[in-house]
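There are 2 protein chains.
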Amino acid sequence: MDEKKLRYDINYHDNYFTTPSFGDKSQPITTESNRNYSLIDEEIALPAAVIKASLLDNNLQWMQRFANHHNVKLAPHGKTTMTPAFFRQQLENGAWGITIASPAQAQIAVLSGAKNIIMANQLVGRANMMIISQLIKHYDVDFYCCIDSKHNVEALEDFFASHEQKLNILIEMGVEGGRCGCRTEQEIMALAQHIHQSPHLNLKGIEVYEGVIHGDNAEQQVRDFLNRTIAITIQLQQEHLIQGIPLVTGAGSAWYDVVAECFNKHRELEAIIRPGCYAIHDTGIYLDAQNEVMQRAEKNQGIACNLGGDLASALELWAYVVSRPEPNKVIVGFGKRDAAFDAGLPILERAYRNGESVIFDQVKTTDVMDQHAFLSVSSDCDLQVGDVLVFSTSHPCLTFDKWRAVAVSDDNDRVTHWVKTWF
Amino acid sequence: MDEKKLRYDINYHDNYFTTPSFGDKSQPITTESNRNYSLIDEEIALPAAVIKASLLDNNLQWMQRFANHHNVKLAPHGKTTMTPAFFRQQLENGAWGITIASPAQAQIAVLSGAKNIIMANQLVGRANMMIISQLIKHYDVDFYCCIDSKHNVEALEDFFASHEQKLNILIEMGVEGGRCGCRTEQEIMALAQHIHQSPHLNLKGIEVYEGVIHGDNAEQQVRDFLNRTIAITIQLQQEHLIQGIPLVTGAGSAWYDVVAECFNKHRELEAIIRPGCYAIHDTGIYLDAQNEVMQRAEKNQGIACNLGGDLASALELWAYVVSRPEPNKVIVGFGKRDAAFDAGLPILERAYRNGESVIFDQVKTTDVMDQHAFLSVSSDCDLQVGDVLVFSTSHPCLTFDKWRAVAVSDDNDRVTHWVKTWF
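Chains E and Z are the protein sequences, given in the same order.
So the first sequence is numbered by the working numbering: it starts at 8 and just counts up by one.
So the second sequence is numbered by the working numbering: it starts at 8 and just counts up by one.
Just so you know, the hints here were simulated from the structure itself, not pulled from any lab data.
Keep in mind it's a predicted model, so treat the numbers as computed, not measured.
Treat the hints loosely; a few may be bogus.
Identical chains share a label here; the pair holds if one copy fits it or two copies do between them.
[As the list claims (entries may be wrong)] With a straight-line Cα cutoff of 25 Å, these simulated SDA-like cross-link-like pairs (lysine to any residue) come out:
no.	residue 1	residue 2
1	LYS306	ARG230
2	LYS427	ARG133
3	LYS427	THR25
4	LYS157	ILE47
5	LYS336	HIS201
6	LYS427	ALA412
7	LYS336	ASP374
8	LYS336	GLU192
9	LYS272	LEU314
Bound conformation, chain E alone (with noise of 0.2 Å):
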């Protein structure tokens, strides 16, 4: 691995200003420099997925406010957008670090500037703790990851022992029906003991990720659990299992709001949320469980509604219409490979034929194959083949994923740059 010439690009280079390689998708019809890229005169290769640079900035700084508000650290969830452009924007923000799912994302966020590192997973195989173990030795930062069961602890103990190293644990907490994590504070208490007895794991908190609790009580649930998240935390510190001010971290995109208020009561914590959709936002899910923290925030008196503003969808997908087969349906050039698909199809915002809108209504995407998807149109539907059609989406981190670049826009839907991603 060239890791110092990796690390230049990753924050020198190649994020602030990359064109797109040959190859990738979305290159720019020429690569002159100094220039920008109209989307709607077309000199982009579609489809594209682009970033509107105000949006973005908008959210980063919606939320760095929301957790200063609450006095909560942020450690924004990366896995979202794996782009370390937009990680350094985070920390520039103010964010405390960043959040990650698994090793290899580790390594991205460490050269992305980050200091603290919050692995949300449990750390399981030898290679895998290998990377890690080279990420402490060469890199001064604070890593964590979680825990949840007695082989995991043997076997880091077993590997950080031979590697003259520590290892920061937090204990992941979980629900019954749920995810990873300790079910009970009875296990929690076991597993801590057992930790206190490897002299190579530091345990420093609790980790909880609330938001597999769905149904209709949902809020309260949330609440309960949070609240014994707190208790077990506390009563960790009290017989001396955890090293230092306990750390509690929760929250991914929807309840980060019920999260900070309950942390909120309790400075005797480290408390650090870690949504990660919000910084890029959609038309879909997270649209639906942005509207009812706003709502939350209404009935509770809570500040999510007196910050200012609101978050924003930032990813837009452009493409082509490719056919119009019969008079109803009409074929787009994006499909699986392009955008997400598992939570809503994307949807159509605007049209643009020859640098002009078009007018459309009652459109509906209904399908999407590997490189196709299906619009249902009235007959008289003014879209024909060569249109340039806009669309918002559903769950940004399946459409990150399908992307190595990313082009960021202005308010007047110009590429200004394009920025790397690191799947």
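Place chain Z on chain E using the hints.
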């Protein structure tokens, strides 16, 4: 674009022996050169996507034999893997060319050495046309793309006239309720006349994708559609609207047998089949499709079952048990970020602990999130945190595009090298 370096990398370097870089998934535990890496002994960071070299070889040779027996040319759809190392293997085995879905994919196919490129899609938009124009200008390639509208004829004629180039065209014929393509012979004749009046467009033949035909009577509908395709191709030739020997092309990985059989009766046509998923195959939708191919071969005395052997699923996903939080639940360290989930979830095939097999039964993959998979197990199931699990998959296309480096293994599950994908 440093195209010379890229051409070197693609052809001589990266794709025969590459090691995943810092930040890539599936990094080996050490980058010592001249060694290979045991998956079972956990020398690779998991999750990893692994191709068994002997099974890939088997599949490539099997389909080439199939095409040879039917006197049809093979232009494998490259979108499945977008892996130059595998494109080259397909070409070395006798493939006539490579099929792709987009201009960026065409660039990679050309740099991989393909001299015949079918873009089984419409070429829409100035920047996309520019990519193809540059390919035609700088490389000795025959490029073909599809057309199904007068709008597209006019746009392509304008662009290629201004660049003083000629573009090879296939008219796409489609079916009512399907995807792209002219629905009637009348539309095709009118479009062919229009192309004939466009001096920079050469009509070379007809393209179909029969894979959109479904239902109880699908086989007969596919045959009827192919017979219509052949009839209109011959009519276009008779009316001197096609230049040279007419080309007919069809076939995904589900109906390639029927397509080859129908085309084989017309030696006056240049027939090309374009299956893609066959190279990797699976234990899901393409296994089902191949079983139907074999059943048809028995019924029709076709030769598929006399070729010797059959396709085999060449792709495995290796991942760790990361949590066993409830007696009936195992959480595995892969997710939507690592494997296709749109056509059935990955199926557990084998398990290892400390280099030895672990026995299990009645394990079912029930759900998948971005970075986690859920297994339902019996409460006495032996699987525990740290166990290495090996899954087969369904729909290889959507697993491949999640990986930048795919591991290639020998028959002892030792990784000999990695190949790079170019999505």
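Status of the hints after comparison with the structure:
Taking identical chains as interchangeable, the C-alpha atoms of LYS306 and ARG230 lie at most 25 Å apart only when both belong to the same chain, with a minimum of 15 Å there against 63 Å between chains. In this assembly of identical chains, the alpha carbons of LYS427 and ARG133 lie at most 25 Å apart only when taken from different copies (24 Å versus 29 Å within one copy). For the identical chains of this complex, LYS427 and THR25 are neighbours both inside a copy (8 Å) and across copies (21 Å), given an alpha-carbon limit of 25 Å. Only between protomers do LYS157 and ILE47 lie at most 25 Å apart by alpha-carbon distance; the minimum there is 22 Å, versus 57 Å within a single protomer.
For a Cα distance limit of 25 Å, the shortest separation of LYS336 from HIS201 across copies, 23 Å, qualifies, whereas the shortest one inside one copy, 62 Å, does not. For the homomeric pair LYS427 and ALA412, the shortest alpha-carbon distances inside one copy (5 Å) and between copies (17 Å) are both at most 25 Å. With identical chains, the CA atoms of LYS336 and ASP374 are at most 25 Å apart within one copy only, with a shortest distance of 11 Å there and 33 Å across copies. Within a single copy, LYS336 and GLU192 get their C-alpha atoms only as close as 56 Å, which misses the 25 Å cut-off; across copies the closest is 19 Å, which meets it.
For the homomeric pair LYS272 and LEU314, the shortest alpha-carbon distance inside one copy (19 Å) is at most 25 Å, but the shortest distance between copies (72 Å) is not.
Of the numbered hints listed earlier, not one is contradicted by the structure.
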